[in-house]
Every structure is written in structure tokens, then in C-alpha cells.
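Protein chains: 2
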Amino acid sequence: MEKGKILQVAMPIFKAMTALDFVGPYEVLNCLPNVKVVFVSHSVGLYTDLGTLTVQATASFDQVPKPDIVVVPGGVGTRALLEDEAILQWLRKVHETSLYTTSVCTGSLLLAAAGLLNGLEATTHWNAFDLLASLGAKPVKTRVVQQGKIITAAGVSSGIDMALQLAALITDETTAKAVQLYVEYDPQPPFDCGSTDKAGPEVLSKARTLAHNRTTPFTELK
Amino acid sequence: MEKGKILQVAMPIFKAMTALDFVGPYEVLNCLPNVKVVFVSHSVGLYTDLGTLTVQATASFDQVPKPDIVVVPGGVGTRALLEDEAILQWLRKVHETSLYTTSVCTGSLLLAAAGLLNGLEATTHWNAFDLLASLGAKPVKTRVVQQGKIITAAGVSSGIDMALQLAALITDETTAKAVQLYVEYDPQPPFDCGSTDKAGPEVLSKARTLAHNRTTPFTELK
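As they're listed, the protein sequences go chains W and L.
Start counting the first sequence at 0; every next residue gets the next number (numbering that gives the first Met the number 0).
Start counting the second sequence at 0; every next residue gets the next number (numbering that gives the first Met the number 0).
The hints are simulated quantities; they were obtained by calculation from the structure and are not laboratory data.
Note that the structure is predicted; figures quoted are calculated from it, not measured.
A virtual CB, placed ideally from N, CA and C, is assigned to each residue, including glycine.
Accuracy of the hints is not assured; some may be wrong.
Unchecked claim - Residues on chain W that point at chain L, a partial pick, calculated with CB under 7 Å:
(1) Ser157
(2) Val182
(3) Gln187
(4) Ser194
Turn these sequences into a full structure, and let the hints steer you where they fit.
As C-alpha cells, then:
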């Protein structure tokens, strides 16, 4: 990597995205002195997530033709984009020259729909494994999966773990550790149920209900 | 708590806030069927963080007079608000009727400046302990500190842990666990250096440099 170069990190955002999917990696990468993040979408403007959070895209896809790194977030809104050639063409194009092409949660569905995960191991939110497989990837139950320059992370909060690994790749281990300390990522979750293996049937069933109830108002997006 | 009641969660946002401070708790609480989050500020409009992320406040402080829960994020922008009576008066007022008044990172500086932490144990980002003490609180090195209905969390990512505890308080343990599973919060940080106790002097020094370099362009805010 060229020394002193500022790396452009492009994060596509869209209607009904999941905010933490990209804000986790954003907060980590934005600490690095050699990174500049741009939020990109179909057009400059405001995009609202599944809830009440509205975020500004400051560039359109065609204004960001050669980002060094791409971080694609997930969210139920991805389902509406699986045949959206504007974002899929952009993903194919930027992947040709990117240093790393990454995703969090169901963001990997978009990488797969763009044809970038054909036959590759990848991960996604635990609730979207079948869909990821149907799009040509080989889903694996690992929190962060790297295949060459493609890195996919599991659901929502896993983007923080992925971004710290990425930080080490594009800077050095000491800098990545300093970022982890700066964002005080010393997790102490109150429960040990953050994966389907650990949660048990009652919690899994409840989580599926939560997911269903949250996404149902957005099914018209599909 | 009244059964079936929708709880209003108010998250004040402001210039040079830290995005993950509020997006972590937002993503957790927004999963709950009995929660509606509102982003509030001096006026309706767009607010940009320390980097390139711009978020919309959809209500002004006077439009949200009685939120059930308050989550105050931190960020270098808090320093400019330590004598800002608009936000401090609002915090004092809403705390009179809130179910829980909470903060993440240097958000606790604002609670302290409003006089809500006088003599109480509280926490903040590791880099702001002296400032928190100077504002009347008793800083403690604990990731999440509860004192009655006031809950303060440590730096940035600790808001996720805090919000999961809060989720259990306002719903039930199974629901909080289901949210943890939904956001797949099964942390696997690549390094074990997320607290000052664990990081060692080299990483701590580097983190202080990162913090200094990030915040220097914003010192005019102080």
C-alpha cells in the first residue's frame, strides 16, 4: 500500500438499511488517520433505516467510481435491491479496483446478487443463510469470513469485529489495537446468547418473532 | 410499568457527537416492540458527527417534554454544550419524569453539567474521568454503572451492553436475550485491549494520539 495515501471507504446506504451494520465499522475506520469515509447511494439525499434514523448520503454511486474499500451494510432493505442494477453494477465495477470489498449482515446478499460471491465461502445474518446460498455463495457460520480481498461479517454488531481486523490490515496491529481501546470495545454483554448456537430454542423463537414483526411493515419492499 | 404502553426513547444529537454512542443503544432498543425512538436537538435538522456522518433530528427539545427514557451520547461536541442551558435545562426537566436517564461515553458530562450526577457514581470514556469528576460525579471504572434510575456507560461501544441491560429492565430477560441474538452480539474482538487495564502503554499512547488528532480540528468548539 502506498505510504501516506488516504484510503477512501465507501459505505452504500439505502432505505430500510440497518444502521448499526455500517455505524460500527464507520466508527472504527473513521478513527484511522489514513481513512476518509463517504456515504454513497443512488443519489445524494436522506435515507431512513427500518426505524426512525435518517442518514445523509453525500455522494451518488457515479461520483465514487474507485473507492479503496467498500463496506456494504445489511437490513431488510437489501431485499428490494437484489435486482437493482444501479447498485449491483456499481458493486461489480468498484470491486475490480478495490483493495477490500466487505459486507456486514445481509449486505453480503448484495455482493452475492452482484455475482461477487459465486462459489465463495461467506457469511450473513443467521436468518438469511438460505437466501445467501440461493444467490451462489457458500454460507459459513463464522463471525468474520475472509476470502482474498472479500470480507463478509455476520449479523449487525459483527461489523465492529470485522472493521478492527480490517484496520489491522490497512494500518498495523498497534494502530488497530489503539482504535479498539479508543472505542472502548471491551464487550461485556449481559447474556451469553448472541449466536444461534448459544441462545436456545425459546430465545431463538422470540428473536424470529421480533424479526418478523419489525420487517413485516417493509414487506412491500420485496 | 403500564402494560402495552409505548415507551418514548429520546436521543439528543448534536454537532461532533460520536455516532456509535447512540446507534448502538438505538439498534438494541429499536428492536423492542414497546419502544419508539426520537432523535432530538436544539432544532429539527441535520447534525454531523466528528467525521462524515450526518443524522437528522426530527424533533426539537421543546417538542419532547416527557420522554420515558433518555439516552445521551458523547463525543467531543459535548464540550461545547457544558454551559448550553437549552440542553441542560431540558435534561433537568425530562429527568424529573423519566423512567431511566442514561448516557454513553462523554454523554455523562452533560448529565453532570446539568447537576444530575452530583455525588453519584458514574462512568464515561477513559479519557474523560478528570473532567467528569470536576463536574461533581464520582467516576468509577465500570462498564455500566446504575444509580437508581440513572445509568451511565463507558466509552463508545459500551452503549450496546448498557442498552441490553436496559432492554431487560423495560421488557423481560427473554426479550432482551432475543434482541442480543437478533443483533448477533456475540463479540469476538481480534485483540484483548478494549480497556486501559488491558491495553498496555504503547497502545494507550497511540490511542491518546488518535484521540488528539481527531479532536484537534474541533477544539474551537470548546
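These are the hints, each one checked on the structure:
no., hint, verdict
1, Ser157, "6 Å, holds"
2, Val182, "4 Å, holds"
3, Gln187, "5 Å, holds"
4, Ser194, "4 Å, holds"
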